[in-house]
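> Residue strings, one per chain:
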Amino acid sequence: MARILYFASFRERMGRTEEALTLPPDVATVGELVAFLRERDGAGAQAFAHPATVRAAVNQEFAAPGSPVQDADEIAFFPPVTGG
Amino acid sequence: MARILYFASFRERMGRTEEALTLPPDVATVGELVAFLRERDGAGAQAFAHPATVRAAVNQEFAAPGSPVQDADEIAFFPPVTGG
Amino acid sequence: MPSVRVQAESFDPGAEMAALLAGRTDVGGVGCFVGVVRDSAGGQPIRSMTLEHYPGMTERALAAIAAEAEARWALQGCTVVHRYGRLLPGEPIVLVLTASPHRQAALDATAFLIDWLKTRAPFWKQEESADGGAHWVEARDSDDAAAARWEAGTA
Amino acid sequence: MPSVRVQAESFDPGAEMAALLAGRTDVGGVGCFVGVVRDSAGGQPIRSMTLEHYPGMTERALAAIAAEAEARWALQGCTVVHRYGRLLPGEPIVLVLTASPHRQAALDATAFLIDWLKTRAPFWKQEESADGGAHWVEARDSDDAAAARWEAGTA
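Protein chains in written order, with the numbering used here: chain A, 1 to 84; chain B, 85 to 168; chain C, 169 to 323; chain D, 324 to 478.
Source of the hints: derived by calculation from the structure; they are not laboratory data. Since this is a predicted model, take the numbers as computed values, not measurements. Ideal placement from N, C-alpha and C gives every residue a C-beta, glycine not left out. Hints are supplied without guarantee of correctness; some may be wrong.
[Stated by the list, open to error] Here are the computed distance ranges between Cβ atoms for each label pair:
1) E296/C x A453/D: 51 to 61 Å
2) A390/D x E177/C: 34 to 44 Å
3) S297/C x P51/A: 47 to 57 Å
4) E296/C x S326/D: 25 to 35 Å
5) S326/D x G191/C: 24 to 34 Å
6) H270/C x E12/A: 39 to 49 Å
7) R347/D x E12/A: 31 to 41 Å
8) A390/D x G224/C: 42 to 52 Å
9) H134/B x R173/C: 50 to 60 Å
10) A397/D x G15/A: 16 to 26 Å
11) A183/C x A20/A: 41 to 51 Å
12) S326/D x A183/C: 16 to 26 Å
13) E177/C x E102/B: 49 to 59 Å
14) F120/B x E461/D: 53 to 63 Å
[Said to hold, decoys possible] Some chain C residues flagged as far from chain D (calculated, every beta-carbon gap over 10 Å):
15) V205
16) Q212
17) T278
18) D309
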């Protein structure tokens, strides 16, 4: 099971802070996980509607769409950061 | 009478912090005053030996060798500044 | 070693600077930047600013950014403190402090740290407007440009 | 209006920053630089540093430098405090503080102020070495170069 975290607008649109998910067999990258979540339900469709504003981290390191993901990973989705 | 002030190494080499001086008739600029002081005595010869390290102010504004001077001015000599 | 903290509580820039300098006499200059919550954004008044972060990753990101600054400049120490939670206008959000034998290194490292923080530290700001509505602050291209200066090596 | 002071006493950067921000909620960033007496120079230990200044002209020069910074950047305030007299290693010499709605203006104005201070404010440093000998610090070309950046408009 992967642990999926949502922050900021992604948390609001997904209606949760995190979920445990068994990665489907055809999900091996961040980009494929995004596609899966977008197709899964209306919340995912809304949260992941604009790929340009999706940012991700795998195991607390920033990740790209091609970054690999696997069960047991901590995977986070959030918009571009605005701290400082 | 002009008031002449000396700071830092100029104060030490001239052996005084200031003096009152009636400007000689042929002294109308900072550069001419430097030449006069350099010729006047051994202390002046030493203090003004290296023109590249002489800095001046007239009435508390930085001045160039060609800047005019007259009696009643406050004229200061010092090395390049090193604050901050 | 950099000192990096993520906290809800406020901080005292003077006390942080004193701690950075404590017991040492080899520091020549300290650079500092403090980010503060403004009472308006885009001409509209702001009632509060709430910062969300990613516990765990945020601390790691700040430590990595500080380590990068210490690798690039001859720093004798640096301190980064970033707050989260609900903050009111006038309250400090972020502190960057750098100590170096030479002023240029302290100044450059301070600018670097705040630029990189803005694009690489997982924080998200939500503004509460005067009518109580809330909206997420959007990332600005100018922040990416400021951070990119340090990558291109032009700064 | 900039706040400019020349004094023998030490100063408290945190208190100065609090004074700059007091009662206002429109500041977005505060830039700060503190120069400190180092315990060595050119590899030789230093026992103390004595700063001489030109009373009257020094205050005027600092006010002119601060006014120049306020003319160049959208500052909401700036503070310059410079000490004179005999200082020991670890003691602060100079404080520059700038407040602005935007961080880049605060950072740039801080760098500008310290660079110009070093080349345009009438202060002279004398170092006392470990054997009690004293010598005047010579002006550095790198300081002139740093100040010249702001004239050429390249910074």
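> Does each hint hold? Answer for all of them.
Hint check:
1. E296/C x A453/D: 51 to 61 Å: holds (59 Å)
2. A390/D x E177/C: 34 to 44 Å: Once the Cβ atoms are compared, 38 Å apart, the range 34 to 44 Å for E177/C and A390/D holds.
3. S297/C x P51/A: 47 to 57 Å: violated (29 Å)
4. E296/C x S326/D: 25 to 35 Å: With a Cβ separation near 33 Å, E296/C and S326/D satisfy 25 to 35 Å, so the hint holds.
5. S326/D x G191/C: 24 to 34 Å: With a Cβ separation near 30 Å, S326/D and G191/C satisfy 24 to 34 Å, so the hint holds.
6. H270/C x E12/A: 39 to 49 Å: holds (46 Å)
7. R347/D x E12/A: 31 to 41 Å: holds (32 Å)
8. A390/D x G224/C: 42 to 52 Å: holds (48 Å)
9. H134/B x R173/C: 50 to 60 Å: holds (53 Å)
10. A397/D x G15/A: 16 to 26 Å: Check failed, 42 Å falls outside 16 to 26 Å.
11. A183/C x A20/A: 41 to 51 Å: With Cβ atoms ~43 Å apart, the hint holds.
12. S326/D x A183/C: 16 to 26 Å: About 22 Å separates the Cβ atoms of S326/D and A183/C, which means 16 to 26 Å holds.
13. E177/C x E102/B: 49 to 59 Å: This hint holds: roughly 55 Å between Cβ atoms.
14. F120/B x E461/D: 53 to 63 Å: violated (26 Å)
15. V205: Since the minimum Cβ distance to chain D is about 8 Å, V205/C lies within 10 Å and the statement is violated.
16. Q212: Nearest chain D Cβ is 13 Å from Q212/C, so the label holds.
17. T278: Nearest chain D Cβ is 7 Å from T278/C, so the label is violated.
18. D309: Answer for D309/C: holds, closest chain D Cβ roughly 14 Å.
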